[in-house]
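Can you make the complete structure from the sequences, with help from the hints?
2 protein chains.
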Amino acid sequence: MPRSALTREEVLDTAADLVRQHGPDALTMRGLAAKLGTAVTSIYWHIGNRESLLDALVERTVQEMGAIRPTGRTPATRIVSVARQLRDELRARPHLIAMVHERGLTERMFLPAQRALVHEMHSAGLRGARAAEAVRAVQFQIVGFVLVERNRDRAPEQSPRGEKLWSTGTAERDTGLARALGRPANPEKLFVVSVRALVDSLLSRGTDGNRAAVAKKE
Amino acid sequence: MPRSALTREEVLDTAADLVRQHGPDALTMRGLAAKLGTAVTSIYWHIGNRESLLDALVERTVQEMGAIRPTGRTPATRIVSVARQLRDELRARPHLIAMVHERGLTERMFLPAQRALVHEMHSAGLRGARAAEAVRAVQFQIVGFVLVERNRDRAPEQSPRGEKLWSTGTAERDTGLARALGRPANPEKLFVVSVRALVDSLLSRGTDGNRAAVAKKE
DNA sequence: ACCTGAACACCGTTCAAGT
DNA sequence: ACCTGAACACCGTTCAAGT
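Protein chains in written order, with the numbering used here: chain A, 138 to 355; chain B, 138 to 355.
Be aware that a few hints might be false.
Copies of the same chain look alike in the list, so a pair counts if it works inside one copy or between any two.
When the alpha-carbon atoms are kept at most 25 Å apart in a straight line, the in silico SDA-like pairs for lysine to any residue are as follows [stated by the list, open to error]:
1. K326 - L242
2. K172 - L149
3. K172 - V329
4. K172 - P324
5. K326 - S341
6. K172 - E325
It is worth saying that the hints were derived from the structure and are not from the lab.
This is the structure:
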């Protein structure tokens, strides 16, 4: 007996499941058809080829991204909170995010967060091109961090265990540093520290011309 | 007539060419064999399967990465100069870099740069775990930025042209900001500004406890 | 309008066979 | 030791044919 009518939604649902569990490479037209209980060619009728299937999946993911709710009392802490939420959401769907990114839709996915960031930059007194630059710097940092992090825990054991490389350090002997670099990083902490450092600098730069002064001294 | 004896080096050279020009997906065993003028199976004898071929290519790239020569008078400018050199080198081999990254060897590729960064952090007065954290923050930022940038100019036209989204801005009206976010970013400048901002913050944080003070106020 | 199987042109990989 | 062609099990995609 034939299965109940195939719908576009059903195809997307099962495809999304497959990607979420085993990554984009595991999404084959034939495998998907098998899981759906239909002929491969039915998928083509409903969605088109593999490329458009991925496009549709990406489109979905972009819209699924939740709203951003900044928390905290100062602009800086609120921006960091936005960054954290974003990182959490991105990490919850690592495969799909990679696909979004590969399709160059990162910017669009980031729109709600961008609005929030703009708002906070304004509260902190940044305006115009300076504010835009700050927003983008934070945006790049967040996405970049998540991308690095992602490919990092995909290949957890780094080839030469760092310890040795540093304990025999050519230049400086700083055992604390050597030990710290020998251990794997704590990404959670590193993320917050990095964003916070960047934000602190960007905000002060906009208001008291700190950077110009520093630049002149050199 | 048969071609001259096939060598492991020759296979790697042509493979590297192929990847450099058309990306990793264009590297097929059959295509490579055709370009070499041998049977596909010869490649297997010399190198092994596709995976080990890619591994060998990556290994090469890691070793090709040039030495790092910091320039500038202050630690901050010297760190920024390291970042720039790294970005340039990464951008010169975008495909291969992506492969390095996918194989989780980013850390190893970064080793010379890491040494340079450690040296500069020390000059700036950072020590131990704090210095290690700063090194990693900068490292993550550089790689992250290049990764974001890469997938960015791969899909140049961002779906909805930003201008409209911002000119009707719900919250604040800041036409300068709207215009700036509507235009594509200048990556070169954004990169330098971001790294500089992060570094300034990390360095001051280590020496005068600036961050702790800020954190307490909130 | 929806679904099907057969067929085509591609893959990576293995293996027995050559020299 | 080095190289080969044939064969296997997979792909995505198209197309003519069914209902």
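Problem set entry | Intra/inter-copy verdict for K172 and E325 if alpha-carbon distance must be at most 25 Å | neither (37 Å within a copy, 47 Å between copies)
For this session: Pop the pair K172 and V329 into one bin, within, between, both or neither, using alpha-carbon distances up to 25 Å.
Result: Close neither inside one copy (41 Å) nor across copies (49 Å); limit 25 Å.
Exercise. How do K326 and S341 come out at 25 Å by Cα distance, when the copy is not named: within, between, both, or neither?
Worked result: Answer is both: 23 Å inside a copy and 19 Å across each meet the 25 Å cutoff.
For this session: Measure nothing new, just compare the shortest in-copy and cross-copy C-alpha distances for K172 and P324 to 25 Å and report within, between, both or neither.
Result: neither (37 Å within a copy, 44 Å between copies)
Exercise. When no copy is specified for K172 and L149, does a C-alpha distance of 25 Å or less occur within a copy, between copies, both, or neither?
Worked result: within (12 Å within a copy, 40 Å between copies)
Exercise. How would you classify K326 and L242 at a CA-CA limit of 25 Å: within, between, both, or neither?
Worked result: between (28 Å within a copy, 22 Å between copies)
Checked against the numbered hints given earlier, the structure breaks hints 3, 4, 6 and satisfies all the rest.
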